[in-house]
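A.B. asks: The chain contents come next:
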Amino acid sequence: MHKLLIDSPDKEMLLLGNEAIARGAIEAGIAVATCYPGTPSSEIPDNFFTMFKEGGFYFEYSTNEKVALEVAAGAAISGVRSICTMKHVGMNVASDTLMTLAYLGVNAGMVIINADDPLMFSSQNEQDNRYYARLSGLPMIEPKNAQEMKDMTVDAFDLSEQLKLPVVLRTTTRLNHLRGMVKFGQIRQIKSKGFFKKDPFHYVAIPAVSRNLHKMLVEKYDQALELSENSEYNQIIGNGKWGIVTNGVSLSYVQDAVNDLGIGDKVTILRLGFSYPMPENMIVKFLTRVEKVLVVEELEPVMENDIRSIAQSKEIVIPIKGKEKDLFSRLFEFDPGMVRRTIASYFGVPDTSPEVVDVTGIPDLPGRPPNLCAGCPHRAMYYAIKQVYGPDAVHPSDIGCYTLGVLPPLSMADIVICMGASVGTSCGISKATDQKVVSFIGDSTFFHAGIPALINAVHNNHKFTLVILDNGTTAMTGNQPHPGVDTTPMGVDTTQLSIESMVRGCGVEHVQVVNPLQVKKSIEAAKVSKDFDGISVIISKELCPLYARAIKKAKKARPFYVNQDKCKQHLDCINLLACPAMYIDDGKTMINEVFCIGCTVCAQVCPENAILPLKKLA
Amino acid sequence: METKRIVFVGVGGQGNLLASRLLGEACLSAGIPAVVSEIHGMAQRGGIVESAVVMGYATSPIVSKGEADILIGFEPSETLRALNKCNKDTVVITNIRPLPPFTVAIGQGVYPDIDKSLDLIRDNVRSLIALDGDELAEKAGNPLSLNMVMLGALVGSKVIPLDEDILKETISKTTKQTFLESNLKAFDFGVAASRVG
Chain Y
1 MHKLLIDSPD
11 KEMLLLGNEA
21 IARGAIEAGI
31 AVATCYPGTP
41 SSEIPDNFFT
51 MFKEGGFYFE
61 YSTNEKVALE
71 VAAGAAISGV
81 RSICTMKHVG
91 MNVASDTLMT
101 LAYLGVNAGM
111 VIINADDPLM
121 FSSQNEQDNR
131 YYARLSGLPM
141 IEPKNAQEMK
151 DMTVDAFDLS
161 EQLKLPVVLR
171 TTTRLNHLRG
181 MVKFGQIRQI
191 KSKGFFKKDP
201 FHYVAIPAVS
211 RNLHKMLVEK
221 YDQALELSEN
231 SEYNQIIGNG
241 KWGIVTNGVS
251 LSYVQDAVND
261 LGIGDKVTIL
271 RLGFSYPMPE
281 NMIVKFLTRV
291 EKVLVVEELE
301 PVMENDIRSI
311 AQSKEIVIPI
321 KGKEKDLFSR
331 LFEFDPGMVR
341 RTIASYFGVP
351 DTSPEVVDVT
361 GIPDLPGRPP
371 NLCAGCPHRA
381 MYYAIKQVYG
391 PDAVHPSDIG
401 CYTLGVLPPL
411 SMADIVICMG
421 ASVGTSCGIS
431 KATDQKVVSF
441 IGDSTFFHAG
451 IPALINAVHN
461 NHKFTLVILD
471 NGTTAMTGNQ
481 PHPGVDTTPM
491 GVDTTQLSIE
501 SMVRGCGVEH
511 VQVVNPLQVK
521 KSIEAAKVSK
531 DFDGISVIIS
541 KELCPLYARA
551 IKKAKKARPF
561 YVNQDKCKQH
571 LDCINLLACP
581 AMYIDDGKTM
591 INEVFCIGCT
601 VCAQVCPENA
611 ILPLKKLA
Chain G
1 METKRIVFVG
11 VGGQGNLLAS
21 RLLGEACLSA
31 GIPAVVSEIH
41 GMAQRGGIVE
51 SAVVMGYATS
61 PIVSKGEADI
71 LIGFEPSETL
81 RALNKCNKDT
91 VVITNIRPLP
101 PFTVAIGQGV
111 YPDIDKSLDL
121 IRDNVRSLIA
131 LDGDELAEKA
141 GNPLSLNMVM
151 LGALVGSKVI
161 PLDEDILKET
171 ISKTTKQTFL
181 ESNLKAFDFG
191 VAASRVG
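Going line by line, the protein sequences match chains Y and G.
So for the first sequence, the working numbering puts the first residue at 1; every next one is plus one.
So for the second sequence, the working numbering puts the first residue at 1; every next one is plus one.
Bound conformation, chain G alone:
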């Protein structure tokens, strides 16, 4: 298959490492070669967490500037920060719920205007899918299921050759029973939101 380079960005605790891992697992189930890259350690103490999934026959585990086919942002200002991963053909999927960093509280920075940010992204890439992922996660009954919403949005956007069932199977295999129902619901909400968008 054609190589697809997918970049996930978020903030420590939002669960984007799990999302990229599940996508990698789903590729394995579907027989698609894939390599996932993560960074652990110091970056996780409330800092920016980036991960990537490269599907297809490319072997490099990471994605260079301008080379993402899909950028998935779990937090809008982080989506904006990672925009240099994109080119004019990139599809961007972003959560629009802000999680301002502490530097804003102590006056070391200004949080960007969300609407302007979305316009700026929309003007520069192939398409933008923007959704309130946290709202959907809460609606699904588990605020921590944002990563499932975002995975759902990725699959719903149809930009990767993986269907909903394979992802749901992967989620079912790896999720604790207590969270399974809400996680699958969150995933479905993501799929639906992305189709509308």
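Same shape as in the complex, but just chain Y:
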């Protein structure tokens, strides 16, 4: 049995934050779970994927976050509990649906898990999605640790049913990827079938209906506010004169700092776990008890501004600070030491932090940026394109492993914005310049957001080449399937779509499919595309080797070695491919036979044919 399905209340387990959320969903008796994977949220749906059959609920990896949200909304409006998970930027994709779904509301509990990424461990921006609660009018809750990630997920469903609104549970990367003790609760029975009760004057958002719906949403704010005022997740802790307001993981940093500094009797902490609507009465009570306030929140001054506004409306005049020079930054994530130092300086107590060792003697260390894996087919396609188009072509790229091609010596990403933007920006760049444009998009990203832009390119006669790097999986986020994947080996019943047919269906007439590991053929395809005056697509089709190994489809291949008698140190292999299996030792080019998977690309590139297979299999 999947460990998250074990029906024994009070069992304790060390769970990843994301596993805790998945367990919470199980305890809440979800009927439908949807997602588009994205770090730091991916392990939530990945756990659903490995247990949905056994758990008796429906799960899908949806094509993108907007679709995922709509699938979950359709289910919850039809009366069954649903959950939808995404990373913060996914919420942008889903936001069109989100804004009006808030008007419609739901009939059974619906929870949206939104994972923010302060410091951008794996994201293109660090937007603060607490604004989405304010923008949409939907309630937001923010857990502080693994236990609460589980508990709040369960409670969010009840809250959603009380308000008949989807509830947004917001995490940050630190919470998603911590492991902490979680005590299990009871598993609620799943109600898996609902009924869609027709009510067009509630569910068809035409202007006349929406005017009513918006009024209802505004009225629900008062009801949500009442629940927030009485929520166990909003708490005034202590009774000192120094006020600290905090949320999410920052609560741990604050509590540790207060203990370390020995100022527990001087401080009152206001912890906001049910963070939208903000509990106004509780905040007023807190403000009247303290002399000055420090707001400890990562990213934007969201609570700070709201609290200032509440203070102003009640004519409470005390210092309320947070995002300020010498205090907290709007940038990046916090850490315990930073929070301790800032609390110490704001309230004027000595800082007890230990001194960092003197690191001035450390030499400049070589960088260790993430790199495309040994044998990665993306590297081979980048090589072919570079050989044909040279260094001056412009390469819009997209979100995935292949974005790692930005680093030298590959240098094959010139502009990256968000999912699907490679295709749209290619249209603009090719129209505005005389430069050759060859853009790159992954297979999962193509399905997610590339298709409308490709149709646009065809319809408006744009001229560029789009390379679809089809490695048969959603590699960067952990090998999730997408519509182009045959999921039969995973024991799942889905329909596989052909990317080539999709591309032709979008109206592209010039389509080539190549295996990028065949270097000569790939170069030939690149040449043909360069000579074509219009929109052309190259589908670069080869399984991600990590994924191939995982599904036991890896081809048996011999690792390669460099024959030192033949090698004349052109270094094309090192300088043009940058494969992590290759290195230079004592002036000699070498291949690490443990890392080499025998993709043969370096051997095809070597002008001296000095790279040869070893006798044994990799």
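Where hints are given, some of them may not hold.
[Unchecked claim] Here chain G is said to cover these stretches of chain Y; the calculated rule only asks that three of the stretch's residues, wherever they fall, bring their Cβ under 8 Å from a Cβ of chain G:
| no. | region |
| --- | --- |
| 1 | 100-108 |
| 2 | 157-171 |
| 3 | 332-339 |
[As the list claims (entries may be wrong)] Taking lysine-lysine and the DSS-like style, the derived pairs with C-alpha atoms no more than 25 Å apart in a straight line are:
| no. | chain 1 | residue 1 | chain 2 | residue 2 |
| --- | --- | --- | --- | --- |
| 4 | Y | K436 | Y | K552 |
| 5 | G | K158 | Y | K3 |
| 6 | Y | K553 | G | K176 |
| 7 | Y | K292 | Y | K266 |
| 8 | Y | K386 | Y | K183 |
| 9 | Y | K241 | Y | K191 |
| 10 | Y | K325 | G | K185 |
| 11 | G | K158 | G | K139 |
| 12 | Y | K164 | Y | K220 |
| 13 | Y | K11 | G | K168 |
| 14 | G | K139 | Y | K616 |
| 15 | Y | K556 | Y | K615 |
| 16 | Y | K3 | G | K168 |
| 17 | Y | K11 | G | K139 |
| 18 | G | K158 | Y | K183 |
| 19 | Y | K183 | G | K4 |
| 20 | Y | K552 | G | K176 |
| 21 | G | K65 | Y | K3 |
| 22 | Y | K323 | G | K65 |
| 23 | G | K168 | G | K139 |
| 24 | Y | K266 | Y | K220 |
| 25 | Y | K11 | G | K173 |
Derived by calculation from the structure, the hints in this document are not laboratory data.
Yeah, the Cβ is synthetic: ideal placement off N, Cα and C, and Gly gets one too.
With chain Y fixed as given, assemble chain G onto it according to the hints.
C.D. replies: Just chain G, lined up with the frame of chain Y:
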């Protein structure tokens, strides 16, 4: 118990996330509160992987600069890079087998001298335990058991209140039968190496 902040650093593929997770599991078995932090995603494509275990009553999942009680480095240049996690009372345990990053091969950086690096660490912290973890892992019969060697070295150093048996029990519960023997052997080699060091 007194809070112990333990930082693990290594390179994608060396298994330090499993090591920190097992330590967290062992704390659970021993009834010691613990929280583990990891970073998944982009960082794992051959990049630097850092994780942390905070044992005791502190609730913050991460460890700030200068605040590690123990730093465990799976790769010597990464141990050096993470030295800013240490203060003068930190115990550092490091593998000495280099795994040079690709940037060295393409001439974008110079790999540091190991002996000088070890001296520099030794001069700045309470104590340094340096061992060839890869050699011990190979000797144990599984080159991928470096993480077990390093866990063994941590327990052998006696800087945390967990004994060998609890860790071995945790390893036994979570390891596939095929690798169990070599993993336990690797763990024992780590314990022994750390006692000598």
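A.B. asks: Any of the earlier hints contradicted here, and which numbers?
C.D. replies: 1, 2, 4, 5, 8, 9, 10, 17, 18, 21, 24
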